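Trainee: Chains as they are written, first to last, in the numbering used here: chain X, 2 to 169; chain R, 7 to 534.
Any given hint could turn out to be false.
Simulated crosslink set (DSSO-like; lysine-lysine; CA at most 30 Å straight-line) [stated by the list, open to error]:
{"#": "1", "chain 1": "R", "residue 1": "K217", "chain 2": "R", "residue 2": "K140"}
{"#": "2", "chain 1": "X", "residue 1": "K72", "chain 2": "R", "residue 2": "K222"}
{"#": "3", "chain 1": "X", "residue 1": "K89", "chain 2": "R", "residue 2": "K217"}
Partner residues are not named here, just some residues of chain R that face chain X (Cβ under 10 Å, in silico) [to be verified]:
{"#": "4", "residue": "P144"}
{"#": "5", "residue": "D218"}
{"#": "6", "residue": "K222"}
{"#": "7", "residue": "E227"}
Honestly, the hints are just simulated from the structure, not real lab data. Bear in mind the structure is a predicted one, so any value in this text is a computation, not a measurement. Built from N, CA and C at the ideal position, the CB exists for glycine as well.
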Amino acid sequence: MAIGVKVVKRPEREVSYLRATLQGMALTFSHLFRRKVTMEYPEEKSTPEWTISPRWRGTHRMLTDEQGRAKCVACGLCPQICPANCIKLVPGEDEEGHRYPLIYEIDEFRCIFCGYCQEVCPEEAIHVGVHYENSEFERGRFVYDLERLCAQTHPVSTLWDPSDPKGE
Amino acid sequence: MSEKPLVSLTIEGVEVSVPQGTLLIEAAKQAGVVIPHYCYHPGLPVAGVCRMCLVEIEGMPKLQIACATQVAQGQVVKVMSEQALAARRSVLEFLLINHPLDCPICDQAGECELQDYVFQEGRPRTRYTPAYPKRFSPVEDFGGDVLYVPNRCILCTRCVRFMDHVAQDSILNVSERGDRAYIGIHPGRKLDHPWAGNVVDLCPVGSLLSKDFLHKARAWELDKTASICTGCSQGCNVNLDTRHNAVVRIRPRPNLEVNQYFICDYGRFNYRWMNRGDRIEAPLVKDREGLAATDWDTALERAAQILKGADGKAVALVSPKVSTEALFLARRLLGRFEWSGYFRLERVDGEIPLPGVPNLALRSERAPNGTGARLLGYGEDTEGAVPALRQAAVVLVLDDPLDWLSADSLSEVENLIYLGTVLPPAARGARVVLPIANVAEEDGTFVNRDGRVQRYFQAKPAPGMARPAWWVLGQLMEETGAGEAVLSAAQAFELLAAAEPAFSGLSYERLGLKGALINAPERVEVSR
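Start from the sequences and build out the full structure, keeping to the hints where you can.
Mentor: Shown next, in the form of structure tokens:
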């Protein structure tokens, strides 16, 4: 059974792609003269238009006292508050009778970066950091131990804007 | 009980009737109102020094301390009135002048009454300038298990009164006066009384600390399970505090009929064995090369074969630390045989009483369920056990370490079935080894020396494939046709209550958390 085939003639001006190509090129060239919105990461990490927020919550940092010891007193509030259960803490006592963490580990893979640990810390020891470059060659390296947390140097998060604590 | 006339009074709008002579603070508990207090403790004489329990009583010109005021007919007591609250807030403010802000490192945090009441009704801020240097005194070692942190002390004198009136070894006092006062210890003495650990529990703040528990866990991480102390035949009620499935401390659980509010230090530190790591974790059956791990079905079937194939005499060697249910089911399992059962009890010369509490001591019989074993027909005749073993067709061991038997007395035993938590060398000759749960890992009951049946509860999971002894014995009963499988500890106790007149009428529900006496106390051979 023959099928009725209707042959439609294509309009002349659409047969050639030249017109559309030139239109596209024109658009591309016009962008050369517009304001640049990209940044040459990683050579360039912030621009006057874009800087990382001081309230950014990134990988952790443990602050230290003047002697270089962690400020942490192993009170156990951060593992308690942590919704992701990513902090491991074993308390101990040093020679002077001070309570300190024997083991303090944060699993950064498990962490959801809520910042509760920083908020709950009575000693202002553990902080989330203003930091986002965390690549490693091994998964195991993402469990940060106390030494690693103390050695971090990136700025710490302010969590909220001091002039506008309620975020209004 | 002496019949005192009842007195009706109103506390915070709730009307209660209590016997004459009751203290207001106790009457308030019945009205559902906890009046904040530090120095008052029901197990100690009233001191009235902390002034925390001030309440307003209508018709009285000044506030009264609820811990030293007796109830009177028609009294109207206001605990939360403006005046009472203001007074208590002031007391808290005084207490906090020198109290350090070290809750993050204080072991008491989370179960601290100062913390609780300050949160409840205290002032939010100090009126002292930040420049005010708080009084500081170094931590003092009181000896024994106790550390004293003077900075945190609120001078409630509970510890002093415990040592004076309950332990009756007056070695603590309040030294100095006024704001220099602190708890002093008799020079040259140590706080090493065998019951001294109770001062740590009594301390409402973190001033007296247990060295054993120091920095081990935070209060809010602990799960508390009602249990019975396994240290001696006294059967003190305790709470097992567990963290990450390990028992980290034992604290007394009030039971006025047994131990009131106290436990001895021996019982307090007798928990490490509950966490031991060398437990049997899988059923073992003997093949040509020795004991090999297998599954429960195989092991139970093998044990049932042994039991069914044997005839004549059977001997059960049981530990007086296993539950009454397990003792009973072991006996029922061997009911088909000519049966005899033995247990060995560790005895220590002399008892260590707590003088202030009648009928409370660390007993010489250092096992919790000797009475239960005797009631169920097990004999303490360890001499008689050796010849009985020689003639036995089957020997069933229930968690006995077997270290009191000479090596050759078991070597002739052909059919040895060992139910235990750990595998002692002497049990390596067993044909079947079945792993069972220990006291922290199962529900059960013990019978104490006064014939009080008391329940204990499961505090942590058993390691590996270990199961409660009542379950294992119930399965064996089903396999050998001696009875039906037991599905719960409560059901095991029902079977026991149905079979034993001493336990008839008792059930887990009736025992509750305080226990109940068996029916025929005169049957209990009490060894004193």
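Trainee: The structure should be examined with respect to each hint, and the outcome stated for every one.
Mentor: The hints, checked one at a time:
1. Distance check on the hinted pair: R/K217 and R/K140 sit about 25 Å apart at the alpha-carbon level, within 30 Å; holds.
2. Restraint check for X/K72 and R/K222: the C-alpha separation of about 19 Å stays at or below 30 Å, so the hint holds.
3. Between X/K89 and R/K217 the alpha-carbon distance is near 23 Å, which keeps this suggested pair within the 30 Å criterion.
4. Below 10 Å, beta-carbon pairs count as interface contacts, and R/P144 has one with chain X at about 9 Å; its hint therefore holds.
5. With a least beta-carbon distance of about 13 Å to chain X, the hint placing R/D218 at the interface is violated under the 10 Å criterion.
6. Because the closest C-beta pair between R/K222 and chain X is about 8 Å apart, less than 10 Å, the hint holds.
7. Evaluation of the R/E227 hint against chain X yields a held restraint, the C-beta minimum of about 7 Å falling below 10 Å.
The structure fails hint 5 only (numbered hints given earlier).
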